[in-house]
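Q: Note that the numbering used here has the sequence shown beginning at 1, numbered continuously upward.
Simulated from the structure, these hints should not be mistaken for lab results.
Source: prediction; values computed, not measured.
It is possible that some hints are incorrect.
Pair ranges (Cβ atoms, derived) [unchecked claim]:
(1) F265 <-> F144: 15 to 23 Å
(2) G278 <-> T215: 32 to 40 Å
(3) L268 <-> T61: 41 to 49 Å
(4) V123 <-> D204: 51 to 59 Å
(5) T58 <-> A145: 50 to 58 Å
(6) I201 <-> N270: 40 to 48 Å
(7) V198 <-> F62: 38 to 46 Å
Glycine included, every Cβ here is placed at the ideal spot set by N, Cα and C.
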Amino acid sequence: MTQDRPVLGMLLMLGFCVLAPMGDSIAKILGSAIPLLQLLLVRFALQAAFLLPVVLVTERTFGMSPRLYKLTALRTLLHIIGVGAMFLSLRYLPLADAIAIAFVMPFILLLLGRFVLNEEVGVHRLVACAGGFIGTLLVIQPSFAEVGLPALLPLVVAVDFALFILVTRKIAKEIDPISMQTISGFMAIPMLLVGLAVFSIFFDWRSLLVMPDGTQTALLLAIGALGTIAHLLMTWSLRFAPSATLAPMQYLEIPVATVLGYLVFSDLPNGIAAIGIGITICAGLYVVYREHAVSRGAIS
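Produce the entire structure from the sequences given, and follow the hints as far as they go.
A: What follows is the structure in structure tokens.
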């Protein structure tokens with residue numbers, strides 16, 4: 001078991017908040033050229049390929065109890081669904097809007113942490129997450145008016161990743177993160193191959209698999225590397241801090257996504273969405289400040 005160290009957990013989550021939107025940006029670039037299932041298959045196959053040598057060189061083990069294998073398989077399935085829903089949403093929505101809408105997730109996670117894991121949730125965190133939730137609703141409204149139902153895809157991401165983080169928190173202290181991510185990558189490959197086989201019954205396989213060019217291949221390698229490192233950081237963070245502590249901090253993904261959306265796609269949120277994003281950022285930063293102050297003993 002690993003003792004909770006909230007500040008270290010928050011720093012690791014910060015790394016995730018920077019790298020994850022970078023991977024999403026690449027997914028948005030590739031979205032119109034690479035079919036979704038192929039993109040997911042490459043993403044998780046590269047995760048397994050990148051991490052397997054690390055496991056072998058460092059003599060880590062793949063051994064775990066049947067219970068952990070089942071939870072890791074569930075975590076892998078949730079990971080595939082969440083990443084797939086986010087990649088699909090990015091075909092319709094600006095990067096910052098998609099990520100901001102998905103940030104109803106910390107509010108869901110807060111409730112799950114309280115009622116499923118029996119984690120302590122203070123009034124300050126509850127108020128901050130509620131404020132972030134209100135901000136998210138402000139982002140949904142103009143996006144829904146513009147693109148319709150695809151604007152709700154990030155809500156699927158939110159529910160899915162709340163469950164994903166809950167499962168991760170449940171097993172993070174019982175298994176090495178690198179071993180878990182490697183096993184998860186290998187588990188994802190047959191799951192996605194089955195998905196390709198099923199879809200090939202209804203669609204021409206040439207619409208499910210394409211040959212990427214040189215630039216696309218480089219971007220596929222980058223998305224695999226960024227996704228692998230980002231989720232390793234997130235898994236490590238959950239070894240050192242409760243999910244209710246880390247959930248509001250993920251709001252910091254939003255300003256990173258906003259900057260990337262402007263630099264790469266020349267997208268900026270409209271007025272209502274910008275207000276909503278501002279509220280979620282303030283809510284997240286408030287909780288980051290308070291957790292840091294509590295860890296230093298400045299406040300109780």
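Q: Run every hint past the structure and note whether it holds.
A: We went through each hint and held it up to the structure:
no., hint, verdict
1, F265 <-> F144: 15 to 23 Å, "holds (20 Å)"
2, G278 <-> T215: 32 to 40 Å, "holds (35 Å)"
3, L268 <-> T61: 41 to 49 Å, "holds (48 Å)"
4, V123 <-> D204: 51 to 59 Å, "holds (56 Å)"
5, T58 <-> A145: 50 to 58 Å, "holds (51 Å)"
6, I201 <-> N270: 40 to 48 Å, "holds (41 Å)"
7, V198 <-> F62: 38 to 46 Å, "violated (28 Å)"
Violation of the numbered hints given earlier is confined to hint 7; every other hint is satisfied by the structure.
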